[in-house]
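Since chain A is already given, all that's left is putting chain B on it; use the hints.
Sequences listed follow chains A and B, in order.
To convert a position in the first sequence, counted from 1, into this note's numbering, add 69.
To convert a position in the second sequence, counted from 1, into this note's numbering, add 1497.
Be aware that a few hints might be false.
[Claimed, not checked] Calculated from the model, a selection of chain B residues having no Cβ within reach of chain A, i.e. all distances over 12 Å:
(1) D1539
(2) A1544
(3) L1593
(4) T1595
(5) A1596
(6) F1637
(7) G1649
(8) R1651
(9) H1718
(10) V1723
(11) R1758
(12) R1767
[What the hints assert, rightly or not] Footprint (simulated), chain B over chain A, 3 or more residues, beta carbon under 8 Å:
(13) 233-242
(14) 246-253
(15) 288-300
(16) 315-324
(17) 344-351
(18) 360-368
These are calculated hints, taken from the structure and not from any lab test.
A virtual CB, placed ideally from N, CA and C, is assigned to each residue, including glycine.
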Amino acid sequence: MVSAHWSEIATRQQYLPTGALLVEAFKTCMFDTLSENLGSIFDRLRGRGALSEKDVDAALGEIRTALLEADVALPVVRAFIDIVRPRAIGAEVLKSVTPGQQVIKIVNDALIEMLGQAAPLSFDAVPPVAIMMVGLQGSGKTTSTGKLSKWLAEKDKRKVLMASLDTQRPAAMQQLAVLGQQIGVETLPIIGGQAPVDIAKRALQAGKLGGFDVVMLDTAGRTNADEALMAEMVAIEKAASPKEILLVADSLTGQEAVTIAAQFAERVSLSGIVLTRADGDGRGGAALSIRHVTNVPIKFLGVGEGVDKLEIFDPSRVANRILGMGDVVGLVEKAAETMDAEKAEKIAARMKKGQFTLEDLAEQLKQMQRMGGMSGVLGMLPGMGKLKKQTAGLQMDDRALIQQAAIVSSMTQAEKDNPKILNASRKRRIAAGAGTSVQEINKLIKMHRQMADMMKKFGKGGMKGLAGMMGGMGGGMPGGLMGGGMPSADQLPDFNKLTGGSGSTPPTPDFLKGMGIPPKKK
Amino acid sequence: MSGFFSRLRAGLTRSSRALGDGISAAFGGGKLSLERLGELEDVLISADLGVSVANEICQALRDNRELKNMDDIGLREALAVEIAKQLQPVQQQLSLPTAKPVVILMAGVNGAGKTTTIGKLAKRYMADGKTVMLAACDTFRAAASEQLQVWGARANVPVVAGAPGADASGLAFQALERAKAENVDILIIDTAGRLQSNETLMAELEKITRVIGKLDATAPHASLLVLDATTGQNAIQQAEAFLRAAKITGLIMTKLDGTARGGCLVPIARKLALPIHFIGVGEQAEDLQEFDATNFARALTGLEGE
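This is chain B alone, in the form it adopts within the complex:
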């Protein structure tokens, strides 16, 4: 646990420092005035929690009678507890059913980190003793397939790829056929990045799920949306739209090793209650960590893990 947390902390240090500084300023002289709580709200807004969620969390703190006697650390603790409370219900491990193969579909906007995350996931499952196959269904972006093949080679797993511009759903179908024939445990399907406002591409994503459903009515067993931690309030629209088109079953947040804080997970958790499975805190395969609400909230407020 401490290993996990130090890596998580290493990624989040800068962001939490900013948040922590803000709180120290909010705490100031000793008693917490309403004005200071307003400053606290600004700090949460700066972490991308959004205006209304930041306001509600501060409102919850405002009702806490103990608050004015709290020191800086105490205030951070209270804030972390409030944020964790929002995230607790969506902290869920990615549990895979007994199907063979288990089909995992990866989706997200361009540049969110789908392919990299797939590479990390493949390594993770290989380390668990599973056999994994990857399907390079991003046939649109130049060399996307090559990128996945490099990850496949690194993790030592086969990659099913097609010609550039090939039909993505047809390729997904072929990959599932092959995964079945080769008795593979887990098939992970990479898809092209798409903006959620692009209806044609969202329909294509829907088609992929429909087509693989013809081979296995229960597939895909998990459809994961990869969200970039630097994204602002549009992340909520992304989650909503991908939930509609691809029946997303869970979230992975990437790029928490930068200075971004990923606070948009809080409004998403409240609004859509989508499970959050993993966070990406670095380049290495082991930097894909299981999401932990308490530690995430504590790291966000500049506290050590429990």
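Bound-form chain A, shown alone:
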């Protein structure tokens, strides 16, 4: 499962040289705490055969803490450990991996298994098919209703009618009506003073008469402790007999996720889960809790503010986040999304030949801006918890990126083609044009030269060259690339140590390939 992602990243790397550099660099920080902790537990175990009960229990203690820190609810953590324990005890340790890595692999597989696969929505009924959305206040029901309706209308070509049954929150009905206009989906006309059950009946009637395929029923937010509202939800289900009842739940929910989900599942026949705010920096352990107690598939992920930010649930990505690996796939996707593919291919082709011009550099800088700047990129990378601590005092200044791009665009074509002709007066002119100082010009030129050198290595050595390059960066990463706003390389955690050895790493199983986790040196 995981290995598929890495190969995916590898194939996409040609589209994003800068992104690839970053991904390579920070993949090494992956699983920072967990793998380190597991590493120290298993240190003495190196070279011995199977994982013993005692070692496994010690490791599972670390796994337990990691899962709890990711907000997986305690009863679910216990259930999970019970599944993993027998699998880990007696497992043969492959020669090429550390026992810690082996345990992570077992844990990762079990997590993906327990999260389950996404399932499609069922439309196996006489239209209009009703889909009912339920959840706590503020979990994102109305926004998700809009996103899902747009999805069904555009991707599935279904005729969708949306109806708000939320008579509680002020302007909730208007919100859905406005969303409907935005996405071009019809909404049920609002009639004041009507009870939710009656609105549901009216919506289905209108759906039938209007020849709609789907009627989306957006219900009011309710706390599981509010008996009157929970009973109202049951009454709506009875009146509308929806084919699907989707629990909309916040990925950032804490331990209470189990209670909330269980109480919703107790009262109505849930058929699926929509996890919202999956684009945040939370570890999202609630996904596992909710999946486990409701035993219905997680179907969709809400991944952003826009009405098209809905994705089909992918268990391996969520598992990665829970284990603290960061959302590397998300990063790559974001890069691919914001990247001008044609330009990127040209750069990639030149990179392969070892060419890297100032214009290529400017393009890279612009791309980083489009991806949300340094901090946006770093935020999505794994192991950043550790780095964040070290960079807490440093401001991630994305203005430096903009400024550097401006420097390049203040140059003439001749200067861009051959930076060697840049003498003092030319530099002064460029500095004035870009609104900066000559020192900044010098920094940029130095940075470009060093990057161009790296590209030459990359052109010659492929991935091995890249690995060596990353090692090289540890020692002499040009300060300029960091734009004065990013931590310089010597502040990165064990950068040299982590990346330096990857060129000589013994063959690793698929799952670890490309992760750059070096074997523990003892």
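Chain B alone, transformed into the frame defined by chain A:
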């Protein structure tokens, strides 16, 4: 006080029952073993206090020699004292300066309950005899402005609103101008919900504070982060990020009327020492209560208020 507490208790009953049950189980036969303390730690973890904080609080209990002679209630008392100790320093009333208008900025992630809390705050200040104006600077979410206008009508206070998609900081500026012109006591600015990991939106929030600072260098006089009690450990990251971008001056915790326990306030209090001003324990305007560390801790452990 008893009125406050019964309402707080009503909201927290379910959560405290769960916590209380856990402690009873931990207490068990009479003597408190280390193993039982471990169970106690699990109970705190289940209340979203986080692994390390739960561990430290239990460690503090472990050193208490009286402990093994304590009955169930005594153990709850000890636990409440430990939790209250963590929260005491951040129990601070929202005191407003003499500026006119006093500008209060509300921020938080989507769905935390900012708009509802503003409605409650407006009613509260109106009841205190203040004049209040609201600014609907969530120009992003559909009908967010309408939602605030309903609350404004309920509290009988004017609402400054703009067109959907309008520049939020420009609107905040206009609202402050109008509040000054109309000699209003308190201006409360609603902002769009944003995830703290979204740098662009966090920069927009920073811009709002910068722009209103042009009219009054001391504004906003309070920037309040609204936290949802159901949130887990990510609440800590939320508080940190909003502190950086919007220079948050205090916290309000909402949705304590559900089963969620809001234990994440404890690690936040320890780490960031941000004042906690209010908690929301229900739908009504009077369900916005001033935060009381002792009562919060006691309710969390299933005890009556003092």
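Beyond 12 Å from each Cβ of chain A, as asserted for V1723 (chain B): violated, 10 Å
Is the nearest Cβ of chain A still more than 12 Å from the Cβ of L1593 (chain B)? holds, 26 Å
When I compare C-beta atoms, does the stretch 288-300 of chain A have three or more residues closer than 8 Å to chain B? holds (count 4)
Fill in: Non-interface claim for F1637 (chain B), where every Cβ of chain A lies beyond 12 Å
violated, 7 Å
Quiz item: Counting residues of the stretch 246-253 of chain A that have a beta-carbon nearer than 8 Å to any beta-carbon of chain B, does the count reach 3?
Solution: Contact hint for the stretch 246-253 of chain A vs chain B: holds, 4 residues under 8 Å.
Review point. How about the stretch 315-324 of chain A: do at least three of its residues have a C-beta closer than 8 Å to a C-beta of chain B?
Key: Since 5 is at least three, the answer is holds.
Please check whether the stretch 344-351 of chain A has three or more residues whose CB lies within less than 8 Å of a CB on chain B. Coverage by chain B holds for the stretch 344-351 of chain A (5 residues, Cβ < 8 Å).
Exercise for the section: Test coverage of the stretch 360-368 of chain A by chain B using CB-CB distances below 8 Å; three residues minimum. Expected result: That given contact is violated, which follows from only 0 residues of the stretch 360-368 of chain A lying within Cβ reach (below 8 Å) of chain B.
Beyond 12 Å from every chain A Cβ - status for R1651 (chain B): violated, 8 Å
Does the claim that A1596 (chain B) lies off the interface hold, with its Cβ farther than 12 Å from every Cβ of chain A?
holds, 29 Å
Please verify the coverage claim for the stretch 233-242 of chain A: does it have three or more residues whose C-beta sits within 8 Å of some C-beta in chain B? holds (count 4)
Problem - Interface exclusion of A1544 (chain B) relative to chain A, criterion Cβ beyond 12 Å - result: violated, 7 Å
Going down the numbered hints, you'll see the structure goes against 1, 2, 6, 7, 8, 10, 11 and 18, while the others check out.
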